[in-house]
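J.: So you can see what is in the structure, the chains are spelled out below.
Protein chains: 2
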Amino acid sequence: MKKVSIKDVAKEAGVSISTVSRVVNNSAYVKEELRVKVEKAIKKLNYNPNIIAQSLRKGKTKSIGFVIPDITNPFFPNIVKGVEDYLKKEGYTLLLSNSDQDLDMEIKIINTFISKHIDGIIFTGTGLYNPLLEKVIVKGTKIVFLDRILEGVNASYVICDNEYGILELLKYLYSRGIRSFYFVNGNENTFSAKIRYEAFIKFMKEKNIEDYKHIFTNFSYEAGYNFGKNIKKIPQAIIGGNDLIAYGISDSLQERGINVPEDVSVTGFDDILFSKHYKPALTTVRQPIYEMGYKAAELMLKIINGKQNKIKGIILKPQLIIRNSTI
Amino acid sequence: MKKVSIKDVAKEAGVSISTVSRVVNNSAYVKEELRVKVEKAIKKLNYNPNIIAQSLRKGKTKSIGFVIPDITNPFFPNIVKGVEDYLKKEGYTLLLSNSDQDLDMEIKIINTFISKHIDGIIFTGTGLYNPLLEKVIVKGTKIVFLDRILEGVNASYVICDNEYGILELLKYLYSRGIRSFYFVNGNENTFSAKIRYEAFIKFMKEKNIEDYKHIFTNFSYEAGYNFGKNIKKIPQAIIGGNDLIAYGISDSLQERGINVPEDVSVTGFDDILFSKHYKPALTTVRQPIYEMGYKAAELMLKIINGKQNKIKGIILKPQLIIRNSTI
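Taken in order, these protein sequences are the chains called C and F. According to the working numbering, the residues represented by the first sequence are 1 to 327, in order. According to the working numbering, the residues represented by the second sequence are 1 to 327, in order.
So that you can see chain C by itself, here it is in the shape it has in the complex (with noise of 0.2 Å):
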């Protein structure tokens, strides 16, 4: 079957190619019974005008790159879906890559992006230091970092307020009278785990705290897990770098015969969809995921359309969140 024209449009309605366009662009004023009459047209043929090569010309193509680490990871969805109901809103379309935390990857979808003319790209990266991502800002590509910062790039960008989140949390649990803790981090190169292990020393240290731990692993139930399984001595609190390691942490001590709170507190970070119903609800705390990647896109497209010409930084609050995991 042909592929309808704006010339056919033309002819059905019964006006000039450049009426057709007018409407169909909306970009100078048309006669109101000549446009119903090309909507009409529209409408009958199923036309659809050629937005990527109209795109071109005015160089937008109203869509949005988004390098996320692993959509399989719970913490993902959440912001892959805030991301895209901001841009859907505002007839933008969500292009989405996974780069499995590998830097190399990281850079192919970048360049596979910019090769697809996207507008702007969204980005949680590995947390590495990537050399193309200032290439591309210089070049004019528009950046809008999401849960991190890079070091050294100068981007606008989105994220959690961690240091506030861990300190909530630590207050909470030296005011139940904890006073030995094991923190049992994340992947060390991310940059929320960074943030977290610092204010986690801080707080240490302003409370003469001397019993406490430090330990990098991953963002992974397996790393909780492994971790609950070879810990010798217990303290009165394990602080899970994300819900999952506090969950793996929490079966494998209960495995050993020994229970969470009544033995150890154990909490999360995050509050992920599961963290209510586990058992024992875990303490944690919440990270605004779905408006995290809601404000994103909003500051994405602010960028884009010229209403924020200098870098921003949005800082979110997350909430502490007490259920049974703590004493």
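Hints should not be assumed to be uniformly reliable.
Below, computed lysine to any residue pairings styled on SDA-like, alpha-carbon distance capped at 20 Å [claimed, not checked]:
| hint | chain 1 | residue 1 | chain 2 | residue 2 |
| --- | --- | --- | --- | --- |
| 1 | C | LYS312 | C | ASN324 |
| 2 | F | LYS81 | C | ASN73 |
| 3 | F | LYS89 | C | ILE42 |
| 4 | C | LYS43 | C | SER5 |
| 5 | F | LYS279 | C | ALA281 |
| 6 | F | LYS139 | C | ILE107 |
It is worth saying that the hints were derived from the structure and are not from the lab.
Keeping the supplied structure of chain C fixed, place chain F upon it in accordance with the hints.
T.: What follows is chain F alone, placed relative to chain C:
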């Protein structure tokens, strides 16, 4: 900064523009030494060939649209990962959009995808008949249905053998002496829910079981929770339409002092990430979720490349996973 053009590359490499074009598009033989020169120049100048403009000429954008109901439903991240992993491997990009189980939104998304000249659409829709799908198929848009077949729409698909899965589960429960069943199914409009309902009824009739009930709810934790909170007469087994429903049932029953599996066996469907960590660990039917996505992308690219000209249906086998929520 000025964008690097094909002319700049030709000048840098000391070759003609058509030689650069032949290297970039891999469209004709180029002497090895010239190819090396061009590749060096491309690297040095960080040249990005204008793939969209090229694609418009060739009729391919190397992008695939994927419509899903909701990425925050834990069934979907793995499917999306499977699709994206295959597409990326083949140099294709994924456009992702959530329809939120809304038919009008589905139609809007499909129209957007088509206006962006995607090469094909992978479709996991509401399950409601969508009149636009027939139209776009007739007009030549390539479609692969994933996790469902739509009545009256003739297109290739990848599904899981839902009948086999539910029958394996029922046979196992029957072998354990269970003779009374309540099936708390998901959304009535969903392809998989319908197939499982029919298989359930068939099994009950075959085994002459009279003590059985069935209800359509929706695929959520809350649906299962409300069911478990209110059910009066407890059967020997409650079949959840998916793992989320099963969690909800199990939690609310246990809150009422009804023990799983001692008082009632509870089962799920899908085997999402948490089901093995659930307490009690959930007996369920594992769908090959990642593989379904991967195979759908593979089938799509075969169709696009003219290697699959007839309608093709791929049916993957699920697997019974026996854990602690059943006697």
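J.: Holds or violated: are the alpha carbons of LYS139/F and ILE107/C at most 20 Å from each other?
T.: Distance of about 37 Å is beyond 20 Å: violated.
J.: Are the Cα atoms of LYS312/C and ASN324/C separated by 20 Å or less?
T.: Violated, at about 38 Å.
J.: Keeping to a limit of 20 Å between CA atoms, is the pair of LYS43/C and SER5/C held or broken?
T.: At roughly 13 Å apart (the allowed maximum being 20 Å), SER5/C and LYS43/C satisfy the hint.
J.: Quickly compare the C-alpha distance for LYS279/F and ALA281/C to 20 Å and report which way the hint goes.
T.: With a Cα-Cα distance of about 11 Å, the restraint between LYS279/F and ALA281/C holds, given a limit of 20 Å.
J.: Measure nothing beyond the straight line between the CA atoms of LYS81/F and ASN73/C; if it is 20 Å or shorter, mark the hint as holding.
T.: 11 Å, holds
J.: If you draw a straight line from the CA of LYS89/F to the CA of ILE42/C, is it 20 Å or shorter?
T.: With Cα atoms ~38 Å apart, LYS89/F and ILE42/C exceed 20 Å; violated.
Of the hints listed earlier, those the structure fails to meet are numbers 1, 3 and 6, in rising order.
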